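Peer 1: Residues per chain are reported as follows:
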Amino acid sequence: MQEFAVILVSSILINNYVLVQFLGLCPFMGVSTKLESAIGMSAATTFVLTLTAMVSYIVDVLVLMPLGLIYLRTIAFILVIAAVVQFTKMFIEKTSPLLYRVLGVFLPLITTNCAVLGVALQNASKDLNFMQSSLYGFGAGAGFSLVLIFFSAMRERLAAADIPAPFEGAAIAMITAGLMSLAFMGFSGLV
Amino acid sequence: MLETIAQQPILAALIALVGLGTLFGGLLGFAAEKFKVEGDPIVEQIDELLPQTQCGQCGFPGCKPYAESIANGDAINKCPPGGQATINAIANLLDVPAPELDAEHGEEADVRTVAFIREDECIGCTKCIQACPVDAILGAAKLMHTVIADECTGCDLCVEPCPVDCIDMLPVKETIKDWHWPAPPTTADLIASDRRAQL
Amino acid sequence: MKTWVTPGGVHPPENKHQSLTMPIGTLPLPEKLIIPLSQHIGVPANPCVQIGETVLKGQKIAEASGPLSVPMHAPTSGTVSAIEHRPIAHSSGMLSPCIEITPDGREQWIEHRGIDDFQHASSSALLKTISEAGIAGMGGAGFPTAVKLNAGHQRPINTLIVNATECEPYITADDSAIRERAQEIVQGISILSHILSNPSTILIGIEDNKPEAIAALKPHVEDTGIQVVSFPTKYPSGGEKQLVYILTGQEIPSGKLPADIGMLCVNIGTTFAIKRAVVDGEPLISRVTTMTGDACGINRNYETLIGTPVSHMLANSAFDEKACSRLVMGGPMMGFSLTSAEVPIVKTTNCILAPSFQEIPEDEPAQACIRCGMCAEACPVSLLPQQLFWYSQAKDYERLEAHNLFDCIECGACSYVCPSNIPLVQHYRHSKGEIQKARAEKIKSDHARERFEFHQQRIEQAEKDKEAKRTARREAAEKAKATAANNRETSAPGSAADIIAAAQARAAAKKISPEQQRAKFERSIAGAEMRVSMAEEKLAEADPNRTQEQENILHAAVESARQKLDQARLRLAEHNKAHHGEQVD
Numbered sequence: 004m005q006e007f008a009v010i011l012v013s014s015i016l017i018n019n020y021v022l023v024q025f026l027g028l029c030p031f032m033g034v035s036t037k038l039e040s041a042i043g044m045s046a047a048t049t050f051v052l053t054l055t056a057m058v059s060y061i062v063d064v065l066v067l068m069p070l071g072l073i074y075l076r077t078i079a080f081i082l083v084i085a086a087v088v089q090f091t092k093m094f095i096e097k098t099s100p101l102l103y104r105v106l107g108v109f110l111p112l113i114t115t116n117c118a119v120l121g122v123a124l125q126n127a128s129k130d131l132n133f134m135q136s137s138l139y140g141f142g143a144g145a146g147f148s149l150v151l152i153f154f155s156a157m158r159e160r161l162a163a164a165d166i167p168a169p170f171e172g173a174a175i176a177m178i179t180a181g182l183m184s185l186a187f188m189g190f191s192g193l194v
Numbered sequence: 054m055l056e057t058i059a060q061q062p063i064l065a066a067l068i069a070l071v072g073l074g075t076l077f078g079g080l081l082g083f084a085a086e087k088f089k090v091e092g093d094p095i096v097e098q099i100d101e102l103l104p105q106t107q108c109g110q111c112g113f114p115g116c117k118p119y120a121e122s123i124a125n126g127d128a129i130n131k132c133p134p135g136g137q138a139t140i141n142a143i144a145n146l147l148d149v150p151a152p153e154l155d156a157e158h159g160e161e162a163d164v165r166t167v168a169f170i171r172e173d174e175c176i177g178c179t180k181c182i183q184a185c186p187v188d189a190i191l192g193a194a195k196l197m198h199t200v201i202a203d204e205c206t207g208c209d210l211c212v213e214p215c216p217v218d219c220i221d222m223l224p225v226k227e228t229i230k231d232w233h234w235p236a237p238p239t240t241a242d243l244i245a246s247d248r249r250a251q252l
Numbered sequence: 116m117k118t119w120v121t122p123g124g125v126h127p128p129e130n131k132h133q134s135l136t137m138p139i140g141t142l143p144l145p146e147k148l149i150i151p152l153s154q155h156i157g158v159p160a161n162p163c164v165q166i167g168e169t170v171l172k173g174q175k176i177a178e179a180s181g182p183l184s185v186p187m188h189a190p191t192s193g194t195v196s197a198i199e200h201r202p203i204a205h206s207s208g209m210l211s212p213c214i215e216i217t218p219d220g221r222e223q224w225i226e227h228r229g230i231d232d233f234q235h236a237s238s239s240a241l242l243k244t245i246s247e248a249g250i251a252g253m254g255g256a257g258f259p260t261a262v263k264l265n266a267g268h269q270r271p272i273n274t275l276i277v278n279a280t281e282c283e284p285y286i287t288a289d290d291s292a293i294r295e296r297a298q299e300i301v302q303g304i305s306i307l308s309h310i311l312s313n314p315s316t317i318l319i320g321i322e323d324n325k326p327e328a329i330a331a332l333k334p335h336v337e338d339t340g341i342q343v344v345s346f347p348t349k350y351p352s353g354g355e356k357q358l359v360y361i362l363t364g365q366e367i368p369s370g371k372l373p374a375d376i377g378m379l380c381v382n383i384g385t386t387f388a389i390k391r392a393v394v395d396g397e398p399l400i401s402r403v404t405t406m407t408g409d410a411c412g413i414n415r416n417y418e419t420l421i422g423t424p425v426s427h428m429l430a431n432s433a434f435d436e437k438a439c440s441r442l443v444m445g446g447p448m449m450g451f452s453l454t455s456a457e458v459p460i461v462k463t464t465n466c467i468l469a470p471s472f473q474e475i476p477e478d479e480p481a482q483a484c485i486r487c488g489m490c491a492e493a494c495p496v497s498l499l500p501q502q503l504f505w506y507s508q509a510k511d512y513e514r515l516e517a518h519n520l521f522d523c524i525e526c527g528a529c530s531y532v533c534p535s536n537i538p539l540v541q542h543y544r545h546s547k548g549e550i551q552k553a554r555a556e557k558i559k560s561d562h563a564r565e566r567f568e569f570h571q572q573r574i575e576q577a578e579k580d581k582e583a584k585r586t587a588r589r590e591a592a593e594k595a596k597a598t599a600a601n602n603r604e605t606s607a608p609g610s611a612a613d614i615i616a617a618a619q620a621r622a623a624a625k626k627i628s629p630e631q632q633r634a635k636f637e638r639s640i641a642g643a644e645m646r647v648s649m650a651e652e653k654l655a656e657a658d659p660n661r662t663q664e665q666e667n668i669l670h671a672a673v674e675s676a677r678q679k680l681d682q683a684r685l686r687l688a689e690h691n692k693a694h695h696g697e698q699v700d
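Protein chains in written order, with our numbering: chain L, 4 to 194; chain R, 54 to 252; chain G, 116 to 700.
So that you can see chain L by itself, here it is in the shape it has in the complex (with noise of 0.2 Å):
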């Protein structure tokens, strides 16, 4: 029970996967205009991460490491995740036209998201087992989710407010993001 509550400290905040370790910065400053489509979208990579996490360490065990192909992993894994993406997309255009249509491109774009390859080989790097494996690709989901939340209010507040014109724009997000990685770095040597 520790464990998992280690995992999930420790891949939210702690080695967070966007502000700590820098990957899945894509969406992250591409789908934080607005707040309803920045819960969409973190709704949707969570899905993604932790269905990735499962079946990518499901085709490490059955069919990688017994066949001695280690060496296929990014290739076999990046087969999962594209079609975990498509089934993503495919739901998400039945359930909601709408989060489909303000999601865009970003939608098949969740599967060159750094995070979610990162995820499947860090945990096949790592000699995880089942649950574990499935745990860090939900705390990544959920790390991706707090802080693409957190960027897509203060941008909405940001786009309200006076800002001086050399900093509009990608500018004002950039040094946001900047100083909200400063603030996470806080959380280093927790566990």
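Mixed in with the good hints there might be a few duds.
[To be verified] Below, computed lysine-lysine pairings styled on DSS-like, alpha-carbon distance capped at 30 Å: (1) G:K635 - G:K653; (2) G:K117 - G:K131; (3) R:K226 - G:K559; (4) G:K371 - R:K230; (5) R:K180 - G:K579; (6) G:K117 - L:K37; (7) R:K226 - G:K557; (8) G:K559 - G:K635; (9) L:K37 - R:K117; (10) R:K230 - G:K131; (11) G:K175 - L:K37.
The set of hints was computed from the structure by calculation and includes no laboratory data. For clarity, every value in this text was computed on a predicted model and none was experimentally measured.
We have chain L already, so just place chains R and G on it with the hints.
Peer 2: Just chains R and G, lined up with the frame of chain L:
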């Protein structure tokens, strides 16, 4: 069996990847059938935001065709009766930046107008009745035509067909009932003493 | 009695002592009284007098138009001198329909009597009297009182709250009214209690800066079940939702009315008007108004006739125009500036404030928001004024509604504390207006879409009907032809189709010899030649009045006649060629 395949690395790699690919392909195919989507509800949501004047200034024969075109990626700044407010609303819905109104399609009118038929000159030809997209003109062949002002959306489509040019677009007067507070002056990027000098 | 404390609030300097040094006075009759037809929430009243008509004091001069309306009465006897659009006290500066009465100085009352024993009168009779007396909420909102009481009558009301708070600085109208008319006010409250089927709790809420008023009320409420509850002074405690919370600890849910939680709030000035209407039979034709501000030499409360021009009040109060920074109708927090002094006092006017430049200086220019958060501390509704301000500037109406913009009571506490002098309430009012405009547009566009879809459906249906008729006609014609061919021998001369079909059949059956055929063609050529010559003659006629268009038409006629002639000749030539070798009889 796995051990034998494990002895042959290339065969193993091939079987593994092809097997995985087939498996996932099958799953996705099944999912594609289960999650089939008919039509495009986004068009309805865009149409809700358009002003429904059916005037054609955007270049499309009505508001629904323009909504469909926007759903296919068309520019969202082509609607003058909707004005900047509609552009902002559509931009908010689709999470895209909100451009200025495209002047090529017309200017945003300051005041709402409604059509008015000068009854002395009307010849009862019904051309305007056929042109009105919301059936706001009352009349029949060889009988007096008149515009029902409450139903008129100010789309302008009746003015052209009239052979005796007896239709005017008159501005609607603002009454005390629909008066609203104007915006207070915004805090410009001035220091206080400059602004005081402006007063 | 226990009271609760509302969040936020401010304590501006009270400035009430200036206007409480003298009892309620009366002004001399003005030269003209201007009575606007809309002094209340709802539909404006309809005039029921003519220009030139003589009216008596208290006579009805405008009928209520519909359920959400109140009638207007003549404040004094005189002549109706005009019914037209006049400037009224409205922030837009627009004109509004008014009835102007020129007083005759005699102050002659119309025959009137009240209900003798209201305790045994029915609620509906009392409500009718209140409605006919033209009573609207006199605390400032102007909602038709009879309508509010009727809604209360339909639902169980367990608490009646009489609002004697008067929290705004400078205003002392209710305070002085209570001091001098406590007994009549308590009578009015018992009338209300009777209408509402005797609610279990009746409270008079009053701030603790009015000890004289509290003392005046105490003897009259003994043994009546009415409780006078005083609470610490704070602006804005006089708002309906705030007062309900202070006295009972209950919150009225957003978008709901006090009646939804079994409460009813009435201004104390309105209860006095109710007493006068029910017991004395007098309609609402005057009210207590505070005339205050350092630019006026005399600060006191007056029993003012409705329709008195503000300029008349100022003239009788030693007004110094040059010392006055601006004229305000209402108090310094929620009142609005008047553009002209010719506007009339109406049923909801509780104060005319003529401040000097020291009291209310010119507006400082607004500076940038420094995000200090003092506005959020001051808000009595626990909103986030800073967020509302930023979203209002960015025109983000979705976020504004998410932050409960429409729960703002526009009390002005946030603008009062803002260190950057930002006119926050103006921003909120503007945004509320824009959102309301957008909602009205949406209703219109939805309606237009419905009509357009029906229009398209109608056109489609008309097309379909036409198609159906066409096919039906075609089938009928074919059927008729078929039956005609079958019944040719036995048919009597039937329809036109039958006859034509019969004639065609005969023509087809008849055999014509080549000789006869040639003769036919020659006859047709002769006819065509004659038509050509006729057309050419017409063209040759020299007619000076002929226009170019007519000229062209005649040319075309000639051309077409010539073409037909050529065709006829061609047919003959072909016939001759075909029957060239045949024997000619």
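Peer 1: Would you mind marking each hint as holding or not holding in the structure?
Peer 2: Quick rundown of the hints versus the structure:
| no. | hint | result |
| --- | --- | --- |
| 1 | G:K635 - G:K653 | holds, 28 Å |
| 2 | G:K117 - G:K131 | holds, 26 Å |
| 3 | R:K226 - G:K559 | holds, 17 Å |
| 4 | G:K371 - R:K230 | holds, 23 Å |
| 5 | R:K180 - G:K579 | holds, 21 Å |
| 6 | G:K117 - L:K37 | violated, 46 Å |
| 7 | R:K226 - G:K557 | holds, 20 Å |
| 8 | G:K559 - G:K635 | violated, 71 Å |
| 9 | L:K37 - R:K117 | holds, 27 Å |
| 10 | R:K230 - G:K131 | violated, 34 Å |
| 11 | G:K175 - L:K37 | violated, 58 Å |
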